[in-house]
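For the protein sequence lines, the chains are A and B, in the order given.
Start counting at 1 in the first sequence, then tack on 10, and there's your number in our numbering.
Start counting at 1 in the second sequence, then tack on 46, and there's your number in our numbering.
Source of the hints: derived by calculation from the structure; they are not laboratory data.
One or more hints might be untrue.
Claimed, not checked - No more than 27 Å apart at the CA atoms, straight line, and that leaves these computed lysine-lysine pairs for DSS-like:
1. LYS18(A) <-> LYS247(A)
2. LYS18(A) <-> LYS264(B)
3. LYS108(B) <-> LYS123(B)
4. LYS300(B) <-> LYS341(B)
5. LYS108(B) <-> LYS247(A)
6. LYS123(B) <-> LYS247(A)
7. LYS187(B) <-> LYS18(A)
8. LYS18(A) <-> LYS185(B)
9. LYS264(B) <-> LYS300(B)
10. LYS238(B) <-> LYS108(B)
11. LYS300(B) <-> LYS18(A)
What the hints assert, rightly or not - Some chain B residues close to chain A (C-beta under 10 Å, calculated; not the full set):
12. LEU126
13. SER130
14. ILE132
15. PRO136
16. GLU138
17. GLU143
18. ALA165
Ideal Cβ positions, reconstructed from N, Cα and C, are used throughout, including at glycine.
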Amino acid sequence: MRSLELAKRNFREVWRDPLSLGITVGLPVLLLLVLQLFGSVDPFFTPTVLAPGIVLFGFVMLMFSSAMILSRDRESAFFSRLLTAPVRARDFVAAYSLPYLPVAILQGILLFAIGLFLGLEVSGSVVLVILVLLVTSIFYIGLGMVLGSLLPLAPLSGAYAVVLLLTIFGGAWMDLEAIGGVFQSVGNALPFAHALDATRDVMVEGAGFGAIATDFYWVLGYTVVAVALALVFFRRKMTE
Amino acid sequence: MSQADEGNSFAIQTTSISRTFGDLTAVDGIDLNVEHGELFSLLGPNGAGKTTTIKMLCCLLKPTGGTATIMGHDIQKDPLSVKSVIDVSPQETAIAERLNAWENLTLMAGLHGLDKQAARERSGELLEMMALDGRAKEKVKNYSGGMKRRLSIAMALVSDPQVLFLDEPTLGLDPQSRRAIWEHIEHLKGEKTVVLTTHYLEEADALADRVAIIDEGKIVALGTPKDLKESIAGDQVLVVEAALTDDAVDALRKLYPVVRRTESGVEIEGEAANIYDIQDVLRPRGITIDSTFKKQTTLDDVFLRLTGKQLRE
Numbered sequence: 011m012r013s014l015e016l017a018k019r020n021f022r023e024v025w026r027d028p029l030s031l032g033i034t035v036g037l038p039v040l041l042l043l044v045l046q047l048f049g050s051v052d053p054f055f056t057p058t059v060l061a062p063g064i065v066l067f068g069f070v071m072l073m074f075s076s077a078m079i080l081s082r083d084r085e086s087a088f089f090s091r092l093l094t095a096p097v098r099a100r101d102f103v104a105a106y107s108l109p110y111l112p113v114a115i116l117q118g119i120l121l122f123a124i125g126l127f128l129g130l131e132v133s134g135s136v137v138l139v140i141l142v143l144l145v146t147s148i149f150y151i152g153l154g155m156v157l158g159s160l161l162p163l164a165p166l167s168g169a170y171a172v173v174l175l176l177t178i179f180g181g182a183w184m185d186l187e188a189i190g191g192v193f194q195s196v197g198n199a200l201p202f203a204h205a206l207d208a209t210r211d212v213m214v215e216g217a218g219f220g221a222i223a224t225d226f227y228w229v230l231g232y233t234v235v236a237v238a239l240a241l242v243f244f245r246r247k248m249t250e
Numbered sequence: 047m048s049q050a051d052e053g054n055s056f057a058i059q060t061t062s063i064s065r066t067f068g069d070l071t072a073v074d075g076i077d078l079n080v081e082h083g084e085l086f087s088l089l090g091p092n093g094a095g096k097t098t099t100i101k102m103l104c105c106l107l108k109p110t111g112g113t114a115t116i117m118g119h120d121i122q123k124d125p126l127s128v129k130s131v132i133d134v135s136p137q138e139t140a141i142a143e144r145l146n147a148w149e150n151l152t153l154m155a156g157l158h159g160l161d162k163q164a165a166r167e168r169s170g171e172l173l174e175m176m177a178l179d180g181r182a183k184e185k186v187k188n189y190s191g192g193m194k195r196r197l198s199i200a201m202a203l204v205s206d207p208q209v210l211f212l213d214e215p216t217l218g219l220d221p222q223s224r225r226a227i228w229e230h231i232e233h234l235k236g237e238k239t240v241v242l243t244t245h246y247l248e249e250a251d252a253l254a255d256r257v258a259i260i261d262e263g264k265i266v267a268l269g270t271p272k273d274l275k276e277s278i279a280g281d282q283v284l285v286v287e288a289a290l291t292d293d294a295v296d297a298l299r300k301l302y303p304v305v306r307r308t309e310s311g312v313e314i315e316g317e318a319a320n321i322y323d324i325q326d327v328l329r330p331r332g333i334t335i336d337s338t339f340k341k342q343t344t345l346d347d348v349f350l351r352l353t354g355k356q357l358r359e
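Construct the complete structure from the given sequences, taking the supplied hints into account.
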């Protein structure tokens, strides 16, 4: 598989940038450690309730990081060289996405391990939690590929802020029902609240797949669209 | 030779290939045939359309008119097949700065489908050939400009392409590094079809089998360097250094078809230029000649004659 060589290079780029990797993996952990201190005051801040939202926050950082490496490459002559190789658009997108899956898994493991140490409880299936979070991470990485294909490096931080706000106000960290109105409708149309609801339902209430199927397929649909758009936009960039 | 290439006597054929960017026509209906194993140079100033032509031939830019075939594969209909027989060293040094030289080479080898063993062997050979083997495991961001450029060319050779595009391979390098790269390019002559773009006339003169002079997106002359030079002046230019008046220059222009004003006097093209006839023109005007000498015609002279501009303007 030709794209594997490029995936290896991108993997090295990720792991040889300790600052960026540290921020991507470390910041969500730090956030969990600090916010859970308020758990005795408000049950929202207990690790079980906090962890899924913080995982999504970590995925936003992952999206930013994956978008940045693609956008930075696109602005370089090295990218032109890559495009002259006999490699298809789908292989390029895979090569830029794959290295972030281990980072997403590392993020999840670290957060849940620390969460368990602090009292996090998983009532339902761990496998189901992993499945929901894996699909969600692919959605964010796919979104990163879309942004990296479309935007130059400079406006990426703006896009990052927008996705972060959408994640927070789209239901990941705010109760949409409590806000109501347009916010609730928009939030429910986006995938963030669904990803969070599915994860929390399994973790806190021990829900099975049937109970979270709607939320799961909602996120899966967004993931398919994000990956398809990444392919379309990348293909367009290959021959201008 | 590939199946698509059977019966096709040219490695590269372009048919009225054009590219516009809005109102700007960067490449204007170029027709070219490049033979197998030929080292072909596109010579022209910055902005002449050389890089745009290369980018279209490498399937990085879509032509807005015409098309081209590389080893029989159409660049628009079958870009993947084109990419499997070509490689390119882009104008800017195109390397992954955070990787070392070995990793850069094996990455490109992998992308071009070489297996691990072949990638290792080929990378080792090229590192040695480009004298980079001593620092192969060092991050390339610490390399000098010349080393980076040598690595960039090595990366274009790792797939052992049938057609190699070298876009300004020595741009911005010191003379010593430039000469070292010329030696490597000379080794490729006859083995691969090489298209070399440059605005260094001495580079095209020294290396190319044939040269296409390109200006404002059009081919203005095509031939061997020798033919091109002979076509304008029988290979010679007479340089006359003297404090010339406009009237004297006009009088010389009545004698010879091509007289160029320079800072120190004039340059007269053609073997017919004769010092006695020139003295006959200058003496009555009270002008004495400081010095005269003959110089070989260069491709710069050819370019100047054909376009009215100098290559390095």
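Hints violated by the structure (numbers, ascending): Result: hints 2, 9, 11 break, sorted rising.
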